[in-house]
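**Q** So the sequences go chain by chain: A and B.
Using our numbering, the first residue of the first sequence is number 118, and each one after it goes up by one.
Using our numbering, the first residue of the second sequence is number 827, and each one after it goes up by one.
Calculated directly from the structure, the hints in this document are not laboratory data.
Since this is a predicted model, take the numbers as computed values, not measurements.
Just so you know, not all the hints are guaranteed correct.
Some residues of chain B that are not near chain A, with every Cβ distance over 10 angstroms (derived) [unchecked claim]:
| # | residue |
| --- | --- |
| 1 | Asp878 |
| 2 | Tyr884 |
| 3 | Val889 |
| 4 | Arg918 |
| 5 | Leu923 |
| 6 | Met927 |
| 7 | Arg930 |
| 8 | Val950 |
| 9 | Pro954 |
| 10 | Glu961 |
| 11 | Leu963 |
| 12 | Thr978 |
| 13 | Thr1005 |
Every beta carbon over 10 angstroms from chain B, so not counted as near; a handful from chain A, in silico [said to hold, decoys possible]:
| # | residue |
| --- | --- |
| 14 | Val227 |
| 15 | Arg234 |
| 16 | Gly274 |
| 17 | Ala359 |
| 18 | Ala391 |
| 19 | Leu397 |
| 20 | Leu400 |
| 21 | Leu445 |
| 22 | Thr446 |
| 23 | Phe454 |
| 24 | Asp455 |
| 25 | Val464 |
| 26 | Thr476 |
| 27 | Arg507 |
| 28 | Ala534 |
Okay, the calculated beta carbon distance ranges per label pair [to be verified]:
| # | chain 1 | residue 1 | chain 2 | residue 2 | range |
| --- | --- | --- | --- | --- | --- |
| 29 | B | His939 | A | Pro226 | 43 to 51 angstroms |
| 30 | B | Gly886 | A | Ile559 | 17 to 25 angstroms |
| 31 | A | Leu433 | B | Asp894 | 55 to 63 angstroms |
C-beta atoms are modelled at their ideal positions from N, C-alpha and C, and glycine is treated no differently.
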Amino acid sequence: MNEDNTGTAGRAAVPVDDGAGVTTEKTVSGAERGTGGDTERRSTGPAGPTPPTTSPTIELSAIELPTAEPPAPAPPAGESPGGPSCGPKGLRARGAVAVPGRRPVRLGPVSTVWRPRAVLLPMVVAALLCAAVVMNVGRGDISVPVPNVIAVLLGGGEDIDRLVVHELRLPRSLVGALVGASLGLAGAIFQSIARNPLASPDILGITSGAGVGAVAVIVIGGANGGVGGVLAEVGVPLAAVAGGLAAALVVAALSLRHGLSGYRVLLIGVGVNAVLTSVLSWLLLKADIVDVGRALIWLNGSLNGAGWDTARPAALALAVLLPLGAVLTFQLGALAFDDDTATALGVRLALARGALLITAVLLTATATATAGPIAFVALACPQLALRLLRSGTPPLLTSALLGAAVTVWADVFARTAFGGVELPVGVLTAALGAPYLLYLLIRSGKARTS
Amino acid sequence: MTDILKDRGTPGDRGAQKSGRAPNGSPRERRSPDEGAAPRTADGRAVRLRADRLTLGYGGRAVVHELDLDIPDGSVTAIIGPNGCGKSTLLRAFGRLMKPMGGRALLDGAPIHRLPTRQVAETVGLLPQTPLAPEGLTVADLVARGRHPHQTWYRRWDADDEEAVARALRRTGTYELATRTLDELSGGQRQRAWIAMALAQETELLLLDEPTNHLDLAHQVEVLDLVGELHRETGRTVLLVLHDLSLAARCADTLVVMKDGRIVAQGAPADVLTEELLADAFGLRARVRHDEETGVPLVIPLSRQAVKGD
Chain A
118 MNEDNTGTAG RAAVPVDDGA GVTTEKTVSG AERGTGGDTE RRSTGPAGPT PPTTSPTIEL
178 SAIELPTAEP PAPAPPAGES PGGPSCGPKG LRARGAVAVP GRRPVRLGPV STVWRPRAVL
238 LPMVVAALLC AAVVMNVGRG DISVPVPNVI AVLLGGGEDI DRLVVHELRL PRSLVGALVG
298 ASLGLAGAIF QSIARNPLAS PDILGITSGA GVGAVAVIVI GGANGGVGGV LAEVGVPLAA
358 VAGGLAAALV VAALSLRHGL SGYRVLLIGV GVNAVLTSVL SWLLLKADIV DVGRALIWLN
418 GSLNGAGWDT ARPAALALAV LLPLGAVLTF QLGALAFDDD TATALGVRLA LARGALLITA
478 VLLTATATAT AGPIAFVALA CPQLALRLLR SGTPPLLTSA LLGAAVTVWA DVFARTAFGG
538 VELPVGVLTA ALGAPYLLYL LIRSGKARTS
Chain B
827 MTDILKDRGT PGDRGAQKSG RAPNGSPRER RSPDEGAAPR TADGRAVRLR ADRLTLGYGG
887 RAVVHELDLD IPDGSVTAII GPNGCGKSTL LRAFGRLMKP MGGRALLDGA PIHRLPTRQV
947 AETVGLLPQT PLAPEGLTVA DLVARGRHPH QTWYRRWDAD DEEAVARALR RTGTYELATR
1007 TLDELSGGQR QRAWIAMALA QETELLLLDE PTNHLDLAHQ VEVLDLVGEL HRETGRTVLL
1067 VLHDLSLAAR CADTLVVMKD GRIVAQGAPA DVLTEELLAD AFGLRARVRH DEETGVPLVI
1127 PLSRQAVKGD
């Protein structure tokens, strides 16, 4: 995925080309550096008196004589020996100039900024995800040793191991990964659009909407134990998607007047969430005790009983929505600014926001329909990814991978760490996520700089 | 471009330019033939931005009333006026940030709010009064976002982008700050970084909404000198909203004075900034003196006591 992460990596040695055919290597330190340091960077051009094309800095223009350039000072330490033409960017076309911290990667018409962190971190997280899947598949009543799991996953292995892995355990891990990825991606989109780390489907009431939809089908449909077969298979997920979309529509309609950023949309979300939670309680109170049990398991976000059938819709949704997210992430870069700046940069705000929001709502609703509301993954993972990547806005790919890894690891512990009791995975993510939410709230004072 | 850059201003010729009113004011004719019908000012300069009986407002309440205004190509125009006179609103309309309630805001003869956002963004750059950026953004990344209108989802950093960003960083003296994050900068540095972003957009027109807001005097001068340099070096048309009258007179060819959503005076600073106008538009008793060297009017506000003794 082609992310334009705004990392601060690449702070060390940066090639500096002053545009006069002179290339030097210079270390831009974090230390205070006056803007008048323009001359210090410049070394003698190859053809003597060629005036540099560099425009003067403000301070210089006021004091400089119009005729002569100041004599070139000694080249900065660390310059590559052998003169400018042997510099690291010696092959760069004349006239091209480098921007510190934004090394280009170009292939035909495709171009982006090289950010080592944005490549390495997703790989690390993906490795963690693979480890989690292997662990989760191996552990359980019938323990499969790690080498056997890997053998099966690579297409080999013994028959008994293959049965356990393929039929019993793998679908569950896969569903966990898909759901976690969807939630992480959705959370990253919500937080980017609202420009607020607290914006997440949990807080905006979208998860609750999906919950109300699903529980309504479980409770009302199953009042006489009559729900089963097709209605139970299709009805609950569909109702969850419908409920999530409806909640999102209500929140969007109520906050349209004042825009989707800032705290107002969060407060509206909290209000909608409160209403939906009380509807949920009412549904549970009037329900049959058997249905309540089923509803509660679903409401806690559970991967229990997840099979290949469960994985399919989630995989389909993610297969469509993840590439779409990759394309839309381009707009996120400009949407991270205030509305006026974003518009001045040529973004059609309503269109870009609408497309992104629908993508995020569909991701959330599909994930919730698949495994129930798994708490806090959508809230915490993008923020975690953002801090690990040191990017200005939540990175989409890393958030998705992190969501998957966190969910599967949580499932590993929920299944095996509490003896015979298998906890729903949502219980564990909530227990881990809530303290993180508190931490964010405590230090959310200085959120933005102008 | 290179030749223009070499021709950099010095204090001496800045004064000459001020009184002579734009030696390179000759507009660069970069328009396509089909726009030949675009309006012109009396002295033959093409008009890029025009307000035609423009009425603007918020929630049904008009703030700017049937305003007519021409912004000629290659000029630096400053809009001044008391708080709430509608000057920022007018600038927002020229930047396609609001839809007129009545009349039209025209860019090269076409109504701005009907043009595609992206097309406007390739021609008009706008820096809002208090722009917001995500926490932890570096200067280079901020300035690079100015390239957004020129990019697509797969083409995000081509050679043109890199060149434009490096040029904008150099011109604003922020190249050395490129890897610093915005929160590490002083107010003046930060403002220059934002201007660099608007520059990297490489638009022929630049709209600045109070670019000197919240800056101390030295930084205000620094930012306005930068605007002047940009204008001289690249011939960009600049329209800016300013609060400080003397600074506005110092940096602009043309002053537009607004009051209650209407234009009360318009023209060269030395002609416009008079004691009568200040009393009328701002309700301010002040003395206006002219700088001996440059002829630029200076506004000296008077206290009530001084007025009595005058």
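**Q** For every hint, state whether the structure bears it out.
**A** The hints, checked one at a time:
no., hint, result
1, Asp878, "22 angstroms, holds"
2, Tyr884, "13 angstroms, holds"
3, Val889, "16 angstroms, holds"
4, Arg918, "7 angstroms, violated"
5, Leu923, "5 angstroms, violated"
6, Met927, "18 angstroms, holds"
7, Arg930, "19 angstroms, holds"
8, Val950, "8 angstroms, violated"
9, Pro954, "4 angstroms, violated"
10, Glu961, "6 angstroms, violated"
11, Leu963, "4 angstroms, violated"
12, Thr978, "7 angstroms, violated"
13, Thr1005, "4 angstroms, violated"
14, Val227, "5 angstroms, violated"
15, Arg234, "13 angstroms, holds"
16, Gly274, "40 angstroms, holds"
17, Ala359, "31 angstroms, holds"
18, Ala391, "30 angstroms, holds"
19, Leu397, "35 angstroms, holds"
20, Leu400, "40 angstroms, holds"
21, Leu445, "8 angstroms, violated"
22, Thr446, "8 angstroms, violated"
23, Phe454, "6 angstroms, violated"
24, Asp455, "4 angstroms, violated"
25, Val464, "7 angstroms, violated"
26, Thr476, "14 angstroms, holds"
27, Arg507, "7 angstroms, violated"
28, Ala534, "36 angstroms, holds"
29, B:His939 - A:Pro226: 43 to 51 angstroms, "32 angstroms, violated"
30, B:Gly886 - A:Ile559: 17 to 25 angstroms, "42 angstroms, violated"
31, A:Leu433 - B:Asp894: 55 to 63 angstroms, "58 angstroms, holds"
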